[in-house]
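2 protein chains.
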Amino acid sequence: MKEVAVIGVGMTNFGELWNKSIKDIFVEAALKAIDNAGVDHIDSMYIGTMSGGLFVGQEHIGAVMADYLGMNPVPATRVESACASGGTAFRQAYFEVASGSSEIVLASGVEKMTDGVDVTAALATAADQEYEVYNGVTFPGLYAMIANAHMHQYKTTREQLAAVAVKNHRNGKNNPNAQFRNEITIEQVLNSTLVADPLRLLDCSPVSDGGAAVILCSMELAKQFTDSPVRVIASAQASDTISLYERDSLTTLKAVSDAAAKAYKQAELKPDNIDIAEVHDCFTIAEIVVSEDLGFFEKGCGGAAVEEGKTSLEGQIPINTSGGLKSKGHPVGATGIAQIIELYEQLTGQAGKRQVKDARIGLAQNMGGSGASCTINILEAV
Amino acid sequence: MKEVAVIGVGMTNFGELWNKSIKDIFVEAALKAIDNAGVDHIDSMYIGTMSGGLFVGQEHIGAVMADYLGMNPVPATRVESACASGGTAFRQAYFEVASGSSEIVLASGVEKMTDGVDVTAALATAADQEYEVYNGVTFPGLYAMIANAHMHQYKTTREQLAAVAVKNHRNGKNNPNAQFRNEITIEQVLNSTLVADPLRLLDCSPVSDGGAAVILCSMELAKQFTDSPVRVIASAQASDTISLYERDSLTTLKAVSDAAAKAYKQAELKPDNIDIAEVHDCFTIAEIVVSEDLGFFEKGCGGAAVEEGKTSLEGQIPINTSGGLKSKGHPVGATGIAQIIELYEQLTGQAGKRQVKDARIGLAQNMGGSGASCTINILEAV
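Quick mapping for you: the protein sequence lines, in order, are chains A and B.
Each residue of the first sequence is one higher than the one before, counting from 9 in my numbering.
Each residue of the second sequence is one higher than the one before, counting from 9 in my numbering.
Excised from the complex, chain A in its bound form:
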């Protein structure tokens, strides 16, 4: 099994990109990554997209994007795991390079959501259609149930949820690609429109357009292209029940802890070896639960941790230095790749005002639905 490196990255701004099609967005991100890596070709490409069919009426996204990128006859494969599509696409590229089948592979994600007619309904196809969606629940409702359970069981407060959004906007302010670059206050979160009790508008990641791409190659080849490749030291994935009602507990996301256990084992690391983490804060409660399930904090202590600044840029484990899904934006398929990009920039010292000092090991946690799938990739500065 070959060692795998990330050698270049590129992404579009995330936001409401009214003047760009899904093809434009993908091509912009992919060309930036290719240019950044300095490669003169790619052997294969993966595209994470949740629902080209429902958002823009276009399936067969792999072939479409290879064509518009001018890359025919390069193999191009679309991968989908709902909101974890990007993390999964990265993992497939990792396997292809690790197997020795290909040398240079592009892993990417793209989503064009603002053109969609009914985005909430399209997103809801990531939940169980027969037992959840048919009965009227959508994702804000599912995560609201998780939030209520966590608040009940662990005395997590409404203010602690808000603190996640406040921190992530503070980080996103310094991310030139972020959708929302404004700071917000606890009061603004608490006074924003109620979406699904207790979650309010500013607890929710936005609907976004955006694309992101990274270039992977074997560690031995990486040295030809860069002095600062980033090594992939773990790539893990797990699944959990598609529906919340089937789970033993609402306050833990088992796919996250299962994938984390595998990733830590593969990397021979413990949670306190991780210097920075990008986690899937589709709703504020998600970041709190995930920060516990990754082992950064004891179960039930994630809310207090964010309130005490332990996950801030200067804290014990900076989380979502990019601004996270909340501030950076959440073009579903692109999110997992954008997480890898933030790790790459941090681990190579290119994160500007967001830079975490001496960041050497970073973890990206990307999940689909209400945690029915989860990928965890761990990267290390060389």
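In short, the hints are calculated from the structure, not lab data.
Hints are not guaranteed to be accurate.
Pairs of lysine to aspartate or glutamate residues, derived as DMTMM-like cross-links and limited to a Cα-Cα distance of at most 25 Å, are as follows [to be verified]:
id	chain 1	residue 1	chain 2	residue 2
1	B	273	A	111
2	A	262	B	11
3	A	10	B	111
4	B	231	B	11
Please read these numbers as outputs of a predicted model, since none were measured by experiment.
Starting from the known structure of chain A, fit chain B onto it as the hints suggest.
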């Protein structure tokens, strides 16, 4: 890079499965494959599905199927390349085993199409939405253009197109899983309803429900489970322009010849070393063009070859011994995996009345759209 084997297979009947949901169909196929292989666990699973979103309103198919198969927390990833989704899913499983990341991996495909409201429109999302579909073309129209060009350039006849359907129904009659198990005549094809000139109803593969699954593991592990594993000696993929209008020629499918060149090189074989082939006969003309682009016949001679019986069960290179998409059915995501199953059954001498004598090397060619993506997998009896 580890050698990879197929050690077990399972599929549902293909057809109009009104009393089964997409979950039922998948689980039936997957359990049959697991049982057939005799494994007590799987490490990972892939599901090829073209459009769960448009056909049944369900994305996140990987997680859904892992759950309903009772396999949580096993990683489950959905792969999509339109009608080549199954072949692509097989290839991803191949990479994962070849890399040494996992030992036993399930590769599968499933589609539930008969519940769809507008199946032709959903299928058309595999073509370019902006330049093809917007102008009114759907897949019968695209393949009709290819047929007209081939008939004009190479004097391919209407009867030769019909001969593909007649041969495939003759084979499918002996496939217990086939959707149509009736023989048809040249006259019946020529007199069937005109769909898109020159293609008639009996030139077209049907709308189908169905699932198919195979179990892959490393060659060294395979010996623990079976005395007759089938070795994967090549897995290749290529892309071409998404739209027909961009191509230099309408009478060749470049993704097929590109993928074939790579596959033959990897396997160190030539076309005449192939004993049997399953090819993507979504329309009769497709089988003719593909049989040429795979190198079985000179360009322009594919029509005569089928008419002369060269691709029949007793011919020089039996093609679509399963009945092909035309007779066996074409539940889009499952098709590529069902091709692998036919090869496995032939190469292990389990194909009953369809058995090709001394078949040792088989090729499966699966393609998406009007050939914008193509996978070719070559298997060898051990």
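Let me make sure I understand: some of the numbered hints might not hold for this structure. Which ones are they, in numerical order?
2
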